[in-house]
Structure formats: structure tokens, C-alpha cells
Amino acid sequence: MANPSAVCNGHLHHHHQKQNNLLKSGIYKKNGITKGMKKNGVSNGTLYKKTFIEHFEQAPMYVAVFTVVGFAVGTIFGYLRDFMRAWGLEKRNIAEEREQQKDFVPLYQDFENFYTRNLYMRIRDNWNRPICSVPGPQFDLMERVTDDYNWTFRFTGRTIKNVINMGSYNYLGFAETDVNALKTVTIELEKYGTGVCSTRQEMGTLDKHVELEKLVATFLGVEDSMVFGMGFATNSMNIPALVGKGCLILSDELNHTSLVLGARLSGATIRIFKHNNMQSLEKLLRDAIIYGQPRTHRAWRKIIILVEGIYSMEGSIVRLPEIVSLKNKYKAYLYLDEAHSIGAVGATGRGVVEYFGMSPDDVDVLMGTFTKSFGAAGGYIAGKKGLVDFLRTHSHSAVYATSMCPPVAEQIIRAMKCLMGLDGTTQGLQRVRQLEKNTRYFRRKLHEMGFIIYGNDDSPVVPLLLYMPGKIGAFARRMLERNIGVVVVGFPATPITESRARFCVSAAHTREMLDTVLNALDELGDYLQLKYSRYSKSSHPELYEETRLELED
Amino acid sequence: MAAAAGQQWVLVEMVQAFYEAPAYHLILEGILILWIIRLLFSKTYKLQERSDLTLKEKEELIEEWQPEPLVPPVPKDHPALNYNIVSGPPTHIITVNGKECINFASFNFLGLLDNEKVKCAAQASLKKYGVGTCGPRGFYGTFDVHLELEERLAKFMRTEEAIIYSYGFATIASAIPAYSKRGDIVFVDEAACFAIQKGLQASRSNIKLFKHNDMADLERLLKEQETEDQKNPRKARVTRRFIVVEGLYMNTGDICPLPELIKLKYKYKVRIFLEESLSFGVLGEHGRGITEHFGINIDDIDLISANMENSLASIGGFCCGRSFIIDHQRLSGQGYCFSASLPPLLAAAAIEALNIMEDNPDIFQTLRAKCEHIHKALQGISGLKVVGESFSPALHLQLEESCGSRENDVKLLKRVVDYCMNSGVALTQACYLEKEEKCLPPPSIRVVITVEQTEQELDKAASLLKEAAQSVLN
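Residue numbers (UniProt numbering), protein chains in the order written: chain A, 1 to 553; chain B, 1 to 474.
Just so you know, not all the hints are guaranteed correct.
A short, non-exhaustive set of chain A residues, derived as facing chain B with CB atoms under 7 Å [unchecked claim]:
#1 V105
#2 A233
#3 G375
Below, simulated DSS-like cross-link-like pairs (lysine-lysine); rule was C-alpha separation at most 27 Å, straight line [claimed, not checked]:
#4 A:K102 to B:K58
#5 A:K329 to B:K56
#6 B:K117 to A:K191
#7 A:K274 to B:K58
#8 A:K183 to B:K181
#9 A:K191 to B:K99
#10 A:K245 to B:K438
#11 A:K102 to B:K155
#12 B:K76 to A:K214
#13 A:K283 to B:K56
#14 A:K384 to B:K435
#15 A:K183 to B:K438
#16 A:K102 to B:K181
#17 B:K235 to A:K191
#18 A:K331 to B:K117
#19 A:K245 to B:K155
#20 B:K231 to A:K161
Note that these hints are calculated values from the structure, not bench results.
Idealized CB from N, CA, C, for every residue including glycine.
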């Protein structure tokens, strides 16, 4: 924290050239420690085919101090108001326990909801904003007001039209209402209706599912795939089928809740490695194999590494080449969750595997969702035929959960066909390119303005650090005043001192929209003093241009 | 003063002695002092260190280790690999593996899957909103249709609030761990469905199974807990307790004795969570489920959860109850917060399905009559027994006598199912993950009744089953 140039996981721009050289020579720098990777048998030089740049710039010390002070003040006021509520000096707005059940054991511990009641409630209007149109590049919001400081909301009946949507995971712009694009979906909806009313193993395997699974396998270049009705459940209901007692799960510390839940339900031992930190992972792998299971010291039955392609709160991309070489060296298995990365990165939208120029066979379990890039719902698991066959017989979802809604399956099929060029156009490819361009442009401009943004230069998830709790509400509200819808996140979804705003760039955003957002951000950044970066690009313009050219070839 | 002078003298003497001492003496003492310091700062036990593996040994261990394959091979003839493929919609008439059948397998109780009005509503929604929501509820994934559906469900069930999930299975599985945490106690019926079991597992609470629908057994456990509580009243004051039951049991086809449960609830101060996936839209005069069936004040139930994938023929699930309870899930229900919200067209379909249910309350009577009809017709099949209430739209046919192993039983029942399928009645066995279930129900054929089946079709199915049983089992 005291060292302003310390980066927690990545590299700053003015190190670019040096960094690239380091990477090529098999040495890379992390946490300020230069470590030779050769000794681990991992040759970094050939692993990355292009530059891998991630930023995690730390804010000046005073920012952290003010942030903690901010939370402290909020907490003190919270206690004060709780005290006043208890003594009847302030109106209690919170829903109360039923009179007949007052003598039951309280359903909630008092402190459990302290944060919700006293801090979240102040800025609650920035979440769950209801929309009343397609979540495309622009959407319409239902205007709502509160008469009691966010305890309840009242709809005015008006809509806020054409708000620029920087929040939805609509990476490729497939959330659309174009009649021509949705033609097949309309037909399938007319034919099948909405439900299925049965599970995959009983009477719920429709021809539509078979068609989709074949297409997904072709798209990803693997032997087989299976699709599920919900992305979250794809993780939480399939990991327990793959691993169990006596197995070890190595999980990235920032993995999504669905992966964490799946790991917990499996009954396997879980160990956490530092986010995208290969030394930490390798140490865990070595120790696990050498020392075996705790207490019994029996060898682990198998070891599986759980990682995500793009991390949704950090915007970082998994260091796949290194993970694959580690997993090969230590005979572990790799489960890759491409929820945010499928469609969003890679030259033809085939996710991080393609982004790094690797083969899908390098990953044992390819998982992804259709909610984001494909503008639908559900998830898939793909890989070797043996794996998918096993899941067909043992997945919790296949046996107990209703299968995917057919028109939703059709939406995925049409989006995927478009991406693959099977619709006879190059539109899909154009979308991928446009997304790439938009991402680079948006990220570059933010860097230049001096904001601290996290993550990989190629990641369409762009977190902009706000730090202080008071700025969360101020930022989101003022953006909405400018007709821009943003997502803001604070504790507990992020570390307490790292509240942030998150933008999801879409291929459907036009340059004008992005410029409007950027102008608004520029103004607001000055007004709210959000430009914390000490490596503002304006002082090193030439370096950035150079990198950009290099990346685009 | 004198004492101080004396001390000073001693010091001077020491320094003098130091100068006069021979060099070897000083070196020896120096070494001794260093030795003491070393002993003070070194670790007491060195056994560990001594047995430490060398780098070479470590590499050998790593080299030696062979993991199990990621997944074991699945035999090619596994029934789940030779699944039925349905071409076209799974409605009243269904095409299974290319053969047209009457559908006795899909939970389409009210026949709404094929309903024109529902499709129209979904089409209108598709036109307006597209397909996906591209975000969780918190981040611009809340659509006006979601709010409307929640309001309508709450109104339909006559509760304060409802919350919708985008997947039926995730509903109860997320709701339970939102309230019940480590250290809390959950009393659960042993026939509870898999989603409940997973919810309990995720909650990491203390789970107490009671025998299926056996209130005496439940009371025994509650009493046991009461004595336990008296021993440790401080702990008891913060230990939440819940009873989790199903309205109409998926695995057994019978209903829970709700009035007795309510009595136990107030006697032992335990909250009741009720899973109504099968009973919602089926039981009661207006299809409000088991509470209406028994005429119980819905506020006596702390939480009701159901999916919208059976009667409503859409996708997703919902929880309803008092705001005090339900609202908590909006920040604590994992499947709610961290998952993309329900596609609007599915919400619109569910709203329209609710409209139809409200406009045609006779539909529940019709369904009930049909259930009773086939329940009667299925009695007396030699070799098969009917399990489940007469008014349950999903009942089980189990073997009267097992032929020894579960595997053979399953094969036998499969032959019955195939026989019927060849003659135009689509049926399925109830599928379970045999190793995962807490209390594995015996193998069975599940017969699902819908309002679309005519009396002739019901009779046909019953006589066909009789015929099949005759030819396969005897």
C-alpha cells in the first residue's frame, strides 16, 4: 500500500515493453518478485502468443484511509439509528415478525441485517432498477421515487427513455427485438410453447435440445456437449457429479458463487489459491500431491482446478496457458467456466481458449452460459464424449430439473449460427470485431482520463474503481441523470475498500454512445474526484499507441 | 553511598579480570554465550525437519501419483444414455422416438403447455423484450413483467409477497440456505425431493430426518430437541428450527398432514417451509395448493415454494409468504442474486397461465375427477400396486414384489413402459440418482394425469398397463 507502484497482480503500462520482453524470456514479474518459471518446467516464453496485460493499480494511501473512515462513519450512524429505532425515536420501516410468532427463535440475528438496514438502504435505489424494454444498447427504465428514504419505492408511471445501457451482459448484442433476427424463435415458440414439463432423463429431451447440443459441440470444437436450463445451476449441479469425497478442488479466490456452491455440495476438500496467481496454484498442487489428504495422508483421488475465463468483478482473464501447463505437469483436471468469456473474446468468439490460441482439448471441462453473449438463458458443459455421457447419466440437473425451454434453445441456436457464419453472413464475426474495438476504445479512453480501471485490456468487463462508499450512490445517480445506466458494486461483493462501477461493453454500442458515456465520465470523474490513477496516459501517449497497433495486427 | 562505591569497585574488578583473562578463556566463553543464544532461538523439535522430503523425493512423489480418470466410463447400455427423444412439443399427443403417443409422462397437469393464449402472451413479450435478460435482478435484470408476475403470484396465493427464481430446482434449494445456517436445526421428511436435500446440504444445518408423514416420529424428535434445549438454554435461544415438508410428495404421491404439522409448529415453536411444486395449481378449490385443500390460513406457513414448470407450464419457480420472510431472499437467495433473471417471455407465459387458472376454477375439479378415475381403474393390476393419493395427478406404480435387485426391478418396469409406449401410451419411470438420494424410493412407473386426457384415454392407459403387467410380470 505504501509503495505506489506496487501492482497486485498485473502490470502498468509504462512497463509494457519491458514486460513483454520478460514474458518472452521466460521470466515474469508479480508482486514485485521476479521469479524464473523455467525451474518449474514451465517455459513461459512460448506460452503466450500475444501480450498479456492486466492492470491492478493501487490507489494512493489516503484513498484507503478515507474509504475506511467512510465506512466507520456509516457504521456509527447505523448504531445510532438502530438505538433510536429501539427507543421509538425513529420510525421502524422494516417488516416485522408476526405477532403470533414473536416468541419463536428470531429468524434473523440482529447484526445480520445491520449492513442492509443502515448502509445498503441509503443507496438502494441504484440496484434492481426495473426496465421495460429489451436490454439492448439502450433501454427504458421505469421511473421510481421514494417517499421514505428508499424503504419503499413508488412508480410514477413515467419511463426514462433511451438510457444508455452499460450494465447488461449483452456483449454481442444478441439481446434484440429485430423481427427478422427473431423469426425462427417466433416459429419455435408457436410450435413448442414455453415449457417442457419434464426432466431430461424422463420425457424432457426434445429434438431441439439434441440439435443445440450438436451445434454447441461443433462451435467449441469438442466431441460432445450437454445443455442445462440455468447457468448458475450448470455449475452447482454438475460439479458434485464430477468430484466427491477424497477429491481436491483448487479454486480461484474470486470464483463465482455458483462454482463455490457446486464445490461445497460436492463434499470434496476445497483449497483456494490467490486470484490468477500461478505460484500460489503450483504450491497448492505440489503440496497436495506430496502430502496427500489431511490426517489419513492417502493420495488424492483426483485434483480439479476451477477457474473462470473472465472474472466478472475484476475484468481479468485467466492465465490459461500457464494453468494448462501446470495441470499437465501435475496431472490435475481443469474446469473452465466461460460464463463471461464465451462469445466475448477470441478472434471468432470462441472464448479464452481461442483467445490464447489453444486447443479445446487442453481443457477437460468446458463450461459456459448462454445468458450473456447469446442473449438467452442456460448453460452448457462440453468436452470429451466420455465426460458428457457421464453427465447425461449422473448430472443432478439431468435427473431432477426441467429441461431447457425450446424457444430459448432456438435463440441460442440462431445466435451461435450467426457467430459461426452459418446464416450466410459475416454479421457474427463483425459483432466480435466490433466488441473488440469498442472494448479497446473504451478502456483506452478511461486510462487516458486517469481513472483506475482493473483487468485485461481485451476484457469487455470494465471495472472502474470508486473506492469510497459515499461515491457509489453519487456516481450511479448522476450517471442516471445523464441518461446512462451503470452497475455499481460495493462490499460484500468486492473487498471493503474497493467499491467500483462496472461497465459491460457491447458490440451494439455505437461510437457515439460510448463517447457520450466517456464525456459524462470525464465530467463526473472531475466532479467526484475519481481520477485516482497516477499513470494517466496523457504523459505517455506514444507507448499506448504502439501497444495498440501491436495488439491489433 | 558506600554501597554504590562498592558496586562500582566490583565492576572495575570485572573489567580488569576481562583484560587479564587468557584469550582461549574468552573465546570459550564467547562460544558458550553464542551456544546459549542458539539454543534459545532454535526450534525445540527437529524431528519434523529431519524427516523432511528432499526435492528429489518430492519430484518422485509427484511423478508417481496417478489420479483417477475424471469420470468413470459409462456402460453403453445405461438407460440414461438411451433416452427418449421427443420430436415436437411434449403436449397431449407426443411423438416419442418417432412414435405418436398419448402423453402420460409430462407434468403438464392443466394442459397449458399448448394453450394459444399463453403462446400469444409469450409472443407479445418476445416482440417487446427479446429472449434473454442479460443480467441478474440487481443489475438491470428486473423487468416490469417480473414485478407483475410477483405481484400476481402473491395475490393469487393471498400472501404479502412473492419472489421469482429463474429455475424451479434452484428455488427451494436457494431458499432454505437463505434462512437456515450452520448450527440451526431442520426437521425434514425422509421422502423429501432432491431439491430440498440439496438446499439442506448447502445450508450446512443440523438435519433430522423423520419417517415419511409420521407425526409421532416428528414429535419424538421435537421432544428430544426440547430436552436438549433445556440443557443449554443459551444456545437454544439462537438456534433456529424449521420443518421442511412437501405439499404433495413427488416421490410418493401423497400429501403431508398439514393440520397436525401446524399444531406441532406452535407447540414447539418451529417454522414450516412447504414445497408445493406438485400441489400448486392442482389442490384446492382455486388451485392454491395444500393450504387451500386443508382450509388453513396461509400465514401459518412461513414459506411456500413452488415451481412454475408443472401446472403453469413455464420455467422457473417462486417463493411466497410474508414480506418479513420473503424479502430477505432478495439479498440472500443465491439462485436469485447471482443468476440471470427469468426470460421475460417465460414470465409473461406464467402470468397468462395464472389468468387462465383464475378464470377457470373448474379446471381443478376436472383434474381431480380424472385423477380419481384412473386411480380407481388402476387398482387390482396383478403385480403392480398404486402408490399415491386418489387425487394426486402424479402417481406411482410399484412392483408388488421385488424380484431381488433394484437393477432387475428397473429392467422389468422398463419392459412394462416399453410395452405401453409401443401401443401408444407414453410413460416413464421415475428417475433418481441412486447413490445421491438420502432415502431412495423403490423403482416405479410414474403416471401423470392432465386435464387434456379424455376418459377413454384414461381407460385405455389403465387397460394397457394391465395388459402389459400381465405379459411382462406373469
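### Task
Sort out whether K58 (chain B) lies within 27 Å of K274 (chain A), counting only the CA atoms.
23 Å, holds
### Task
Verify the proposed pairing of K384 (chain A) with K435 (chain B), using a straight-line Cα cut of 27 Å.
Judged against 27 Å, a Cα distance of about 24 Å means the pair holds.
### Query
Do the alpha carbons of K117 (chain B) and K191 (chain A) lie within 27 Å of each other, as the hint requires?
13 Å, holds
### Task
Would you check the hint for K191 (chain A) and K99 (chain B), treating anything up to 27 Å between C-alpha atoms as holding?
Given pair K191 (chain A), K99 (chain B) holds - Cα atoms ~18 Å apart, limit 27 Å.
### Query
Can the hint on V105 (chain A) be confirmed by a CB-to-CB distance to chain B that is less than 7 Å?
5 Å, holds
### Task
Would you check the hint for K245 (chain A) and K155 (chain B), treating anything up to 27 Å between C-alpha atoms as holding?
45 Å, violated
### Proposed proximity, K155 (chain B) with K102 (chain A) (alpha carbon, max 27 Å)
25 Å, holds
### Message
Next pair to validate is K183 (chain A) with K181 (chain B); report whether the Cα-Cα distance is within 27 Å.
### Response
47 Å, violated
### Task
Take a quick look at whether K329 (chain A) and K56 (chain B) sit within 27 Å of each other, Cα to Cα.
16 Å, holds
#### Entry: Pairwise hint evaluation, K181 (chain B) against K102 (chain A), where the allowed Cα distance is 27 Å at most
Answer holds: K102 (chain A) to K181 (chain B) is near 20 Å, not above 27 Å.
### Message
For K283 (chain A) and K56 (chain B), compute the direct alpha-carbon distance and say whether it is at most 27 Å.
### Response
Status holds; Cα separation ~16 Å.
### Message
Just to be careful, I want the Cα atoms of K76 (chain B) and K214 (chain A) compared with a cutoff of 27 Å; is the pair within it?
### Response
Measuring from Cα to Cα gives roughly 19 Å; hence the hint holds.
In terms of the numbered hints stated before, the structure departs from hints 4, 8, 15, 17, 18, 19 and 20, listed from lowest to highest.
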